[in-house]
Each structure stands twice: as structure tokens, then as C-alpha cells.
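**Student:** Sequence:
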Amino acid sequence: MRADMNSEFDPRPLQSLGFSEIEALIYGYLVENSPATGYRISHAIGKQPANTYKAIASLEEKEAIVIEEGESRLCQALPPDELLDNLERRFRLNRLEADRELKSLSSPSMYGGLFHLKTIEQVIQRARIMVDAANEIILCDLSPGPCKYLAGALSEAAASGVIVACHVYAGEEIEGVHTLQFIDSDPALDDWPGQQVSIVVDSVEHLLGLLAMDMKTVHEAVWSSSNFLSCMHHNNIAAELQAISPMSKYSGPSDDVDKILGRISLMQFRPAGLKKLIQRFGSGDALRGK
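No gaps in the numbering here: position 21 of the sequence shown is 21 in the numbering used here, and each next residue is one more.
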């Protein structure tokens, strides 16, 4: 008796692992009905024999099935756990090869464009990558939603020796991070049309985003590795933190927050982005006749 394809089987997860639709259908069928001939498989999955035989050959090359020698050419599915282990091992090897090849390419020219981020996942992932790459200083202004997602990464950066200072809005206390929050009601909370993420790392790169209040969509968000724009954004957040300090509650590792805030301005701290900008375009000494 011929067994038909299980109507509840969804081939899409296997397709996401590199199988074609017909390959996924064949493998799924064989998991339940091995061994089987190519002719029987084609009828069970409702595909033309020629296309089925071609896909069977491809599955054999992928080591997803084995084919018995002989006239009947019976097909047997590899156990799913074994198949998935093989796919994972192959992915790791391919990733290493791709990484090696990509690193052998020459570095791109410096480009400081603005890149729009469209999803919450993109915004949070990019912010975490930035924070993980920090070497000297991180300045940020974070609404409660983004702060919740980034607090762990900010704390880890602070533990590694990076200075992290942040304007917060909901009493967040982040280990190792210098946080400031208005003592009285923050005027920004009354009319601002969303949750804000504003972060600059080493004045090398920055991210600005306005997210929906429910943190499900992005109103607008941009990321840039422009040293010039990042230097300007560093100055903006530093000035904001210094301005709100007298009216704010401080939480953090310092006994003298004014001393910390006094050295975070761009020209005082002189982070990597400023040094790169000067190296690229020169300093203001020429204007002063030096």
C-alpha cells in the first residue's frame, strides 16, 4: 500500500537550511516512509518523476539520504538528529571559510554615511554591537524601553574600564554606570512622541532612534560611523548631562559626579573619534598660527 505525504509536514524550516521545497518534501516523506523508490516518492509528494529524481540526487550529495545499490535504488533518510548535526557542523566550517576569505579583502575606504534602521531588532542589535566595541567612553540618553535592553551590555562595558554615563528616566540603576535622572518630573516625558535611544561610542559611531511607546516599531532611527557627526553627538550628550546634573539624582560608582562630568566633554576627554578627525583633517593650530 502506498503511503502519502503527511499533509501537516511544513517544508519551510528545512528550506531555511538550504533545501529546496522538493528536497524538503522528499526528506520529510522518507523520515516516515524509508526505504522508498524514487517513483513511489514522486507519487507520494505529488511531483514529476524527473524533478523528484534530480532532487534525490541532490539530497544524496548533501548526505541527507543514502541510496541502496541495485536495480530498485531504494532511498533511506538519514536520522533527523544526525542530519541536523551534519548541517550545523558544515555551517561552522563554511562560516570559518567565509570569515577567512572576507578578512583577506582590502579594507574599505572610510565612509561616514547615515544608515536607516527599520526594526526594533536592528536598533537594539546595532546598539549592543557599538557598546561591545567601546574602548574609552559611552554617552547615552535612554528611555526605559531601550534602557532595559541595553543595561546589561552597558554594565559589562563599564566593568571593562569604559566610562559610561547615561541620562535615564525611570530610576534605573546600572552597575558601574553613571546615571542621571531629573529629581522632579522630566519635561521630556510629557510631549515626546516615543521612546528614545541616543548613544555615542568613543565619538567614533553613534545611533539615534525614536521608537514606538510599545517598543514594537521604529518611527525613525539612524546609525553612522562618521567621526565628525559622532564628535558632534558626543558633545551634545555631554553638554546635556552636564546641564541636567544640578537638577538630577545621581547613581553610580563615583563619589564626585561633577569631577566625572567635568572631563567627558569632547575637547576635554579627546576620545578616539576626535583623534581620527584631527588626523584626517588637521587641527586648529594652523588657524592660531602655530
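Source of the hints: derived by calculation from the structure; they are not laboratory data.
Some hints here could point you the wrong way.
SDA-like, lysine to any residue: derived pairs with alpha carbons at most 25 Å apart [to be verified]: (1) K118 <-> S226; (2) K276 <-> H219; (3) K276 <-> F115; (4) K54 <-> P80; (5) K216 <-> F228; (6) K148 <-> Y169; (7) K54 <-> Y39; (8) K276 <-> E68; (9) K103 <-> T119; (10) K148 <-> F182; (11) K249 <-> Q196; (12) K216 <-> K249.
Listed next, with one range per pair, are the computed distances between beta-carbon atoms [stated by the list, open to error]: (13) S185 <-> I278: 57 to 67 Å; (14) Q268 <-> Q125: 25 to 35 Å; (15) E173 <-> E220: 39 to 49 Å.
All C-beta atoms, glycine included, are put in the ideal place defined by N, C-alpha and C.
**Student:** Look at each hint and say if it fits the structure.
**Tutor:** Okay, the hints, checked on the actual structure:
no.	hint	result
1	K118 <-> S226	holds (20 Å)
2	K276 <-> H219	violated (32 Å)
3	K276 <-> F115	holds (21 Å)
4	K54 <-> P80	holds (21 Å)
5	K216 <-> F228	violated (31 Å)
6	K148 <-> Y169	holds (11 Å)
7	K54 <-> Y39	holds (12 Å)
8	K276 <-> E68	violated (64 Å)
9	K103 <-> T119	violated (28 Å)
10	K148 <-> F182	holds (18 Å)
11	K249 <-> Q196	holds (20 Å)
12	K216 <-> K249	violated (30 Å)
13	S185 <-> I278: 57 to 67 Å	violated (41 Å)
14	Q268 <-> Q125: 25 to 35 Å	holds (31 Å)
15	E173 <-> E220: 39 to 49 Å	violated (29 Å)
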